[in-house]
Amino acid sequence: MKSRARNLLFYVGVIAVWQGIAMLKIWPPYLFPTPWSVAESLWAGFQDQSMWIGIGVSMRRMLIGYGLSIVLGIALGLLFSVNRYLRETLGSLVVSMQSLPSICWLPLAVLWFGLSENAILFVVVMGSLLSMTISMDTGLRNVPKIYPMAGRNLGAGGWQLFVHVLLPASLPHVVSGLKQGWAFAWRSLISGEMIFVSLGLGHLLMMGRDLNDMSQVVAVMLLIVAIGFIVDRLVFRTIERRLQMKWSGA
Amino acid sequence: MSATLEFPHPDAAQHHKILLKGVSRNFKTPRGVILRALDNITLEVRPGEFLCIVGPSGCGKSTLLHLIAGLAKPSRGEIWMDGRRVENPGTDRILIFQELGLFPWLSVVENVEFGLRMQGISKQERRERARRYLRLVHLTQFEESYIHQLSGGMKQRVALARSLAMEPDVLLMDEPFAALDAQTRDLLHDELERIWTETGQTIVFVTHNVREAVRLGDRVVLLTFRPGRIKHQFPIVLPRPRHMEDPAVAVSARDVLQQLREEIDKAVREEYGDEIES
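So the sequence lines, in the order shown, correspond to chains H and S.
Take the first sequence: its position 152, counting from 1, is numbered 152 in my numbering, and each next residue is one higher.
Position in the second sequence counted from 1, then plus 1000, gives you my numbering.
Keep in mind that a hint or two might mislead.
Said to hold, decoys possible - Selected chain H positions facing chain S (Cβ under 10 Å, derived; list incomplete):
id : residue
1  : 100
2  : 138
3  : 141
4  : 144
5  : 149
6  : 154
7  : 157
8  : 160
9  : 165
10 : 168
11 : 169
12 : 227
13 : 241
14 : 247
Claimed, not checked - Here are the simulated BS3-like cross-link-like pairs (lysine-lysine), alpha carbons at most 27 Å apart as the crow flies:
id : chain 1 : residue 1 : chain 2 : residue 2
15 : S       : 1123      : H       : 246
16 : S       : 1073      : H       : 145
17 : S       : 1028      : H       : 145
18 : S       : 1028      : S       : 1073
Quick caveat, the hints were computed from the structure, so don't treat them as lab data.
Glycine is no exception: its CB is placed at the ideal position from the N, C-alpha and C atoms.
When you get a sec, could you build the whole thing from the sequences and use the hints?
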């Protein structure tokens, strides 16, 4: 309770300082919006549905792109964990590509897929696939030997062993990969949307810039942060905490 | 068990359950040195026998159980069970690991069901069977709990129930009670003895605790320090049920202990001697 009050006080303070700076009128309001105008802009956006549409479109792209990279990541990670040759060759290539911001794929994606939904999905997948793959691979390779041994001892073999023992045993690693993957996918999506095509939050943000409406820019920025934060806290934190509790006590 | 007599081995007259013939097992250390963990072990286990194996740590006791379980292969020699060569893991012999290997992502009852599920037994039947064995180890109230919510003794009993639910002919137990406090251990000894009497299973029980071996076993086999060889076998003909504190148990244990001590001394000399040299 005490820490919650302290946090609240902190954010009230931040807004107050922001308001104070705006009131000094160092910059004109269209360059430095007040908290109030941002709130108004948010409200208006939700009123005329544009924010809702933005959120809806972006989330839909996230679900598809992120979902794809989960499936692909699990498959690739599994492949690397069973095949040493693949891991040392393709695997190290994958790791080195992680230093590439996924938005760099956009020019290629546009050439390959045209100015389409698929191009942006490709960027999202490239953004999160790597961390999914890596965490699946390390997750599988770090499964304590005792679990597959116990599984075999109780009559599990081959595919059964993978589905019922190795996969759940590597879950803590996989979830941290899922979490990281989500964050990467989210950033990739927004940057992709800013550069190109229709609707979505990133596009909304650029529209604000084009209209010289800094209140809208800041409002969309706040929204992007809020969504990322909420998913991280509500979804991944909860799962992680629950897993940690269970897995640590075995 | 229908395939039992398909390839009867000449030695496989059915007076033994498990037969080890000249079994050795080597390991390669990370530095590439070959280490012999077990050397030329020949051992018969009778059907329904409670056999205890004791030895100093590093004598290959656990390795022996892994070999019988089929989780590892002997470097030399053969292992037979019911007249069939042991090559792979099989659900006719279930190993209870020292570290238990309970699955934290499953509830207690799901853990107990696991092996039955792998065999494709219907949900209803395996649930029934799991409950029966949970009752046997007095864990009925905890069937929905997760492993992390249980105490050490309870985890131990889940592992026991999980193995018993497979209704194996042979139960292989690797220092299962080593990490428990004395009261819990005594309790589980009583339970294990009772279950064993009821089911008539064959048990091979590995421990470093001589008192425990004498309290439980029909026979105690003493292994030497690295490489593990059979040093001596002690038949234990004491009436059951027994208790750790029985004077007769203490007397028998003293004989075993005397011989074990020589091996422990050897182990200590070797371990610490190495350290001084290097």
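Check the structure against each numbered hint from earlier and tell me which ones fail, lowest number first.
1, 2, 3, 12 and 13
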